[in-house]
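So the chains spell out like this:
Protein chains: 2
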Amino acid sequence: MAKAKRKKKKPLALVALGGNVLIQLGQRGTIGEQELNALEIVQRLVTMVKLNYNLVITHGNGPQVGNMLIRTEAARKTVPVQPLDICVAWTQGSMGYLLQNALLNEFWKQEMHDKRVLTMITEVLVDRKDPAFKKPTKPVGPFVTKARANELMKTGIKMVEVAGRGWRRVVPSPKPQRVIQRRTIRELALSGKIIIAAGGGGISVYTKPNGEWEGIDAVIDKDLASAWLAKEIGADVFIILTDVGQVYLNYDKPSAYGVERMTTHEAKKYIREGHFAPGSMLPKIQATINYLSGGGKRVIITRAGLLEAALEGRAGTHIVPRKEDKKWPTGTIRISSRLKSSKRKK
Amino acid sequence: MAKAKRKKKKPLALVALGGNVLIQLGQRGTIGEQELNALEIVQRLVTMVKLNYNLVITHGNGPQVGNMLIRTEAARKTVPVQPLDICVAWTQGSMGYLLQNALLNEFWKQEMHDKRVLTMITEVLVDRKDPAFKKPTKPVGPFVTKARANELMKTGIKMVEVAGRGWRRVVPSPKPQRVIQRRTIRELALSGKIIIAAGGGGISVYTKPNGEWEGIDAVIDKDLASAWLAKEIGADVFIILTDVGQVYLNYDKPSAYGVERMTTHEAKKYIREGHFAPGSMLPKIQATINYLSGGGKRVIITRAGLLEAALEGRAGTHIVPRKEDKKWPTGTIRISSRLKSSKRKK
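Protein sequences appear in the order of chains X and B. Be aware that the first sequence starts at 1, since it is given in the numbering used here, and climbs by one per residue. Be aware that the second sequence starts at 1, since it is given in the numbering used here, and climbs by one per residue.
Be aware that one or more of the hints could be misleading.
[As the list claims (entries may be wrong)] Result set (DSSO-like, lysine-lysine): computed pairs, CA atoms no more than 30 Å apart in a straight line:
{"hint": "1", "chain 1": "B", "residue 1": "138", "chain 2": "X", "residue 2": "77"}
{"hint": "2", "chain 1": "B", "residue 1": "138", "chain 2": "X", "residue 2": "129"}
{"hint": "3", "chain 1": "B", "residue 1": "146", "chain 2": "X", "residue 2": "9"}
{"hint": "4", "chain 1": "X", "residue 1": "208", "chain 2": "X", "residue 2": "134"}
{"hint": "5", "chain 1": "X", "residue 1": "208", "chain 2": "B", "residue 2": "50"}
{"hint": "6", "chain 1": "X", "residue 1": "208", "chain 2": "B", "residue 2": "268"}
{"hint": "7", "chain 1": "X", "residue 1": "193", "chain 2": "B", "residue 2": "175"}
{"hint": "8", "chain 1": "B", "residue 1": "193", "chain 2": "B", "residue 2": "135"}
{"hint": "9", "chain 1": "X", "residue 1": "138", "chain 2": "B", "residue 2": "77"}
{"hint": "10", "chain 1": "B", "residue 1": "146", "chain 2": "X", "residue 2": "175"}
{"hint": "11", "chain 1": "B", "residue 1": "115", "chain 2": "X", "residue 2": "175"}
{"hint": "12", "chain 1": "X", "residue 1": "268", "chain 2": "X", "residue 2": "129"}
{"hint": "13", "chain 1": "X", "residue 1": "50", "chain 2": "X", "residue 2": "146"}
{"hint": "14", "chain 1": "B", "residue 1": "138", "chain 2": "X", "residue 2": "193"}
{"hint": "15", "chain 1": "B", "residue 1": "129", "chain 2": "B", "residue 2": "268"}
{"hint": "16", "chain 1": "B", "residue 1": "158", "chain 2": "B", "residue 2": "134"}
{"hint": "17", "chain 1": "X", "residue 1": "77", "chain 2": "B", "residue 2": "77"}
{"hint": "18", "chain 1": "X", "residue 1": "208", "chain 2": "B", "residue 2": "9"}
{"hint": "19", "chain 1": "X", "residue 1": "146", "chain 2": "X", "residue 2": "158"}
{"hint": "20", "chain 1": "B", "residue 1": "135", "chain 2": "X", "residue 2": "193"}
{"hint": "21", "chain 1": "B", "residue 1": "208", "chain 2": "B", "residue 2": "134"}
{"hint": "22", "chain 1": "B", "residue 1": "134", "chain 2": "B", "residue 2": "297"}
{"hint": "23", "chain 1": "X", "residue 1": "297", "chain 2": "X", "residue 2": "175"}
{"hint": "24", "chain 1": "B", "residue 1": "129", "chain 2": "B", "residue 2": "154"}
{"hint": "25", "chain 1": "X", "residue 1": "129", "chain 2": "X", "residue 2": "193"}
{"hint": "26", "chain 1": "X", "residue 1": "115", "chain 2": "B", "residue 2": "138"}
{"hint": "27", "chain 1": "X", "residue 1": "9", "chain 2": "X", "residue 2": "109"}
{"hint": "28", "chain 1": "B", "residue 1": "138", "chain 2": "X", "residue 2": "158"}
{"hint": "29", "chain 1": "B", "residue 1": "193", "chain 2": "X", "residue 2": "50"}
{"hint": "30", "chain 1": "B", "residue 1": "193", "chain 2": "B", "residue 2": "77"}
{"hint": "31", "chain 1": "X", "residue 1": "193", "chain 2": "X", "residue 2": "138"}
{"hint": "32", "chain 1": "X", "residue 1": "154", "chain 2": "B", "residue 2": "77"}
{"hint": "33", "chain 1": "X", "residue 1": "77", "chain 2": "B", "residue 2": "154"}
{"hint": "34", "chain 1": "B", "residue 1": "129", "chain 2": "X", "residue 2": "109"}
{"hint": "35", "chain 1": "B", "residue 1": "193", "chain 2": "B", "residue 2": "134"}
Hints listed in this document are in silico derivations from the structure and should not be mistaken for laboratory results.
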């Protein structure tokens, strides 16, 4: 196809929603809360569709998977406990449903009747030899008593004590290697369907010695999985929505400031300098670097409320591959602690 | 398109798997059990793909949704109980995952590398004025004590006492009106993708006065929902897999006999004569009649192990619309209590 023609194609965006998208901090996670939260986020997403983006949506599932582990733990004497691949699959079902239904309602209200939305149950391949399996570090689920922790540890489950709160399970969080459903996701997204996929970082499967895929008791970081997916489907922009409007250096210190633009090179430097918290901004920056190093074009990190402004270059942190440096007229970083000070145009 | 050309198209089959497909009677539902069961059923389904069918797969979720209700009940003091639409969405996620992964493995083993499998989270529209909402009758979930039943009844939940076993929740099981995702399911199935959809009868939603869809605390019979979907996607054959090889008249009596063929007219007569048990064969026959009256072509009811034989006309009960009667040479029903007595060819 001629290049001129390709340029007219709709850009493909992958938007990774935060883990708290449907159960916000401090909420218990009633259905009413989740439906309201879904309504709020989908208004932002529909705006993107109106701006002519093809859209793949991924999402975290921290609170949901935590609640699921509390439920399975509470009922463990009656019904079998299920591994984490199943727990993630559960949350893909319920969160996908709430998001897709809210999207369908919003499209209907805005008379965008031709839009289709599709939640795809998504598996992500991991390596059985990933060091994460030898050293599980990701805390999940409920706090339990020492007695119960001892019981669990006898079955091979790793638990850590959190001072003053009890014992908590830690699980392996291996690196994603491939999104099994990547081709279908790409094909359907390019056909204009809105795809909800890879919820909770995807259902972790590994390749058995006989070549089959089998579920494995692990969780995958959703930003890393989303980055892989963004790369694999050739997304034109990878957007990570989180609680903050920008990436901050010296976060939570008096000297904190937000970053408007940076390159992967700078991002790596900031990682080395310890600017980003593990389990919070760090995986997002790592995901960003992975995506951009693998041929990705542009990453935006911002909060949902600023999505439209960020797409217009007026908000958020924009990260590009190193080679893009020269396109920026003055220096490589522009820093603003206040959005309105930004002078960048579209 | 010319009729001659259309005839060459792959036939589209909708196969409804039984509620016990992944957790069989007497099993507790460990992940190991479910994976083994998935392996068994997908071998039958892959055979259908080899026989050149396009395939939509639906499934029941009785044991899974029951286990989910036990879990949510056990943890109710810690995490919010969720309505049945969410419970069904959970099971669509986990069962879809197990089935799709097993299918992918089987395709891989059989070197059918081009086959794609897709689990779609599926919503089904019901009518808020369906009489089922006034008179919930479908028993779901765990048995509870009288004290707990009283508590639940105060919150508006309907409970019934089952002699000797305690109290159990009964929920509305309204009739399906439309499968929201029907167009996408049809489009993707016709493109050769294997689609897993409408698990557990679909996630029940209704239309609010303002026109939006919202989840509702109900379950939909999976055979009825599957019949709707089969009709809506124009399936060439609707296959209901269950525990018995054929539909029986005088079931469980010494005079029981299996039905090889019947028409919708005969099926209605047998319903009137009380041959089919509510909650068991009756909804399957009703689903059959719905599908065939709505333009459907052919229904097969059999058990998974006989699927291939049934497709070749050597097993199962075959049901066709009344107008097909004349195509059968002698009478309208052929009865055989033993499959090998069948003389029918392909």
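Okay, the hints, checked on the actual structure:
1. B:138 <-> X:77: holds (26 Å)
2. B:138 <-> X:129: At roughly 47 Å apart (the allowed maximum being 30 Å), residue 129 of chain X and residue 138 of chain B break the hint.
3. B:146 <-> X:9: At roughly 63 Å apart (the allowed maximum being 30 Å), residue 9 of chain X and residue 146 of chain B break the hint.
4. X:208 <-> X:134: Holds, at roughly 17 Å.
5. X:208 <-> B:50: holds (25 Å)
6. X:208 <-> B:268: violated (50 Å)
7. X:193 <-> B:175: holds (28 Å)
8. B:193 <-> B:135: Distance of about 40 Å is beyond 30 Å: violated.
9. X:138 <-> B:77: Satisfied, since the Cα-Cα distance of roughly 26 Å is no more than 30 Å.
10. B:146 <-> X:175: This hinted pair is violated, its Cα atoms lying about 49 Å apart.
11. B:115 <-> X:175: It holds: about 26 Å lies between the C-alpha atoms, which stays within 30 Å.
12. X:268 <-> X:129: holds (26 Å)
13. X:50 <-> X:146: violated (53 Å)
14. B:138 <-> X:193: violated (36 Å)
15. B:129 <-> B:268: holds (26 Å)
16. B:158 <-> B:134: Roughly 10 Å between the alpha carbons, so the hint for residue 158 of chain B and residue 134 of chain B holds.
17. X:77 <-> B:77: holds (17 Å)
18. X:208 <-> B:9: violated (37 Å)
19. X:146 <-> X:158: holds (13 Å)
20. B:135 <-> X:193: violated (39 Å)
21. B:208 <-> B:134: holds (17 Å)
22. B:134 <-> B:297: Roughly 34 Å between the alpha carbons, so the hint for residue 134 of chain B and residue 297 of chain B is violated.
23. X:297 <-> X:175: holds (22 Å)
24. B:129 <-> B:154: holds (23 Å)
25. X:129 <-> X:193: Between residue 129 of chain X and residue 193 of chain X the Cα gap is close to 36 Å, so the pair fails against 30 Å, i.e. violated.
26. X:115 <-> B:138: Distance ~35 Å between residue 115 of chain X and residue 138 of chain B Cα, so the pair is violated.
27. X:9 <-> X:109: With a Cα-Cα distance of about 26 Å, the restraint between residue 9 of chain X and residue 109 of chain X holds, given a limit of 30 Å.
28. B:138 <-> X:158: violated (41 Å)
29. B:193 <-> X:50: holds (29 Å)
30. B:193 <-> B:77: Roughly 43 Å separates the two Cα atoms, so the pair is violated.
31. X:193 <-> X:138: violated (34 Å)
32. X:154 <-> B:77: holds (27 Å)
33. X:77 <-> B:154: The given pair, whose Cα atoms are some 27 Å apart, holds under the 30 Å limit.
34. B:129 <-> X:109: Holds, because 23 Å separates the two Cα atoms, which is no more than 30 Å.
35. B:193 <-> B:134: violated (40 Å)
Consistency with the previously given hints fails for numbers 2, 3, 6, 8, 10, 13, 14, 18, 20, 22, 25, 26, 28, 30, 31 and 35, ordered from lowest to highest.
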